[in-house]
Amino acid sequence: SAAGLESTDCPNCGAAERATLFEIEDYLYGVEGRFAVQRCGNCGLVYLSPRPTRAAIGRYYPPSYSPYRPAIQDERSAAMRWMRRRKLVKRRQAVERHAPRRPGDLLDVGCSTGIFMDEMRSAGWHVTGVEMVREAAEYAHARFGLPVVEGDLLEVGLAPQSFDAITLFDVLEHTFEPAAVL
38 SAAGLESTDC PNCGAAERAT LFEIEDYLYG VEGRFAVQRC GNCGLVYLSP RPTRAAIGRY
98 YPPSYSPYRP AIQDERSAAM RWMRRRKLVK RRQAVERHAP RRPGDLLDVG CSTGIFMDEM
158 RSAGWHVTGV EMVREAAEYA HARFGLPVVE GDLLEVGLAP QSFDAITLFD VLEHTFEPAA
218 VL
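Each number in my numbering comes from the position in the sequence shown (counting from 1) with 37 added on.
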């Protein structure tokens, strides 16, 4: 594949029919290339094609990628600590509103540096994380002592039906097989 990209049919329904909505460059992180955003002609899902291959996907998420932020307590700016803390509390409350058992067992898929997991643990939850990026998983373990499994959710072998709540914040749109992940 050219430059680590592959063409793909709709990752939701498998249809080949699609229309290019627009092409865009990664201005935020400066990753090379133009990315075509497609709309499936069958189910309407919007997706990238061509998209990065599994082997190349890591280079599209540099260390400066915003979800790989340090602990809130380590932020220099008091205003930034306040804003991040407020957002984190809102996420916790949203999960707690909808979870069948609270606190319970939580799986955070794409847990990044573990900030949300740490918040949930401090509220009494038993937490487990899955993270594909080694540096982020290592940070979560080293900084917070969190149990994080490094790898792809579909390959790490977690026991089915062993969690009361599963979160995928800013994750599903980055997966290769969204239906299987769900």
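If you're looking for bench data, these hints aren't it; they were derived computationally from the structure. Remember, predicted model here, so these are calculated numbers, not experimental data. Glycine included, C-beta positions come from ideal geometry on N, C-alpha and C. Just to be clear, a hint being listed does not mean it is correct.
To be verified - DEER-style ranges, computed between Cβ atoms:
| # | residue 1 | residue 2 | range |
| --- | --- | --- | --- |
| 1 | E210 | K127 | 29 to 35 Å |
| 2 | R180 | G67 | 25 to 31 Å |
| 3 | S101 | P197 | 17 to 23 Å |
| 4 | E214 | G70 | 29 to 35 Å |
| 5 | D63 | P215 | 16 to 22 Å |
| 6 | P215 | K127 | 31 to 37 Å |
| 7 | G51 | R71 | 22 to 28 Å |
| 8 | L82 | A131 | 35 to 41 Å |
| 9 | H163 | K127 | 17 to 23 Å |
| 10 | Y64 | G141 | 29 to 35 Å |
| 11 | Y66 | P215 | 31 to 37 Å |
| 12 | A160 | P107 | 39 to 45 Å |
| 13 | G51 | R180 | 38 to 44 Å |
> Does the Cβ pair Y64, G141 satisfy 29 to 35 Å?
Replying inline: This hint is violated: roughly 41 Å between Cβ atoms.
> Could one say that the CB atoms of D63 and P215 fall in the range 16 to 22 Å?
Replying inline: holds (21 Å)
> Given a hinted range of 22 to 28 Å, is it respected by the beta-carbon distance of G51 and R71?
Replying inline: holds (25 Å)
> Should the hint that A160 and P107 are 39 to 45 Å apart at their CB atoms be regarded as holding?
Replying inline: violated (21 Å)
> Quick one: are G51 and R180 within 38 to 44 Å, going by C-beta?
Replying inline: holds (41 Å)
>> Please check whether E214 and G70 have a Cβ separation lying inside 29 to 35 Å.
In response: Since E214 and G70 have Cβ atoms about 22 Å apart, the given range 29 to 35 Å is violated.
> Can the suggested window of 35 to 41 Å be confirmed for the beta-carbon pair L82 and A131?
Replying inline: violated (24 Å)
> Does 17 to 23 Å hold as the CB distance between S101 and P197, or does it fail?
Replying inline: violated (36 Å)
> Honestly, do Y66 and P215 meet the 31 to 37 Å range at C-beta?
Replying inline: violated (22 Å)
> Is it true that H163 and K127 lie within 17 to 23 Å of each other by Cβ?
Replying inline: At 22 Å between Cβs, range holds.
> Between P215 and K127, does the beta-carbon spacing fit 31 to 37 Å?
Replying inline: violated (25 Å)
> Measuring from beta carbon to beta carbon, are E210 and K127 in 29 to 35 Å?
Replying inline: violated (20 Å)
Of the numbered hints given earlier, the model fails hints 1, 3, 4, 6, 8, 10, 11 and 12; all others are met.
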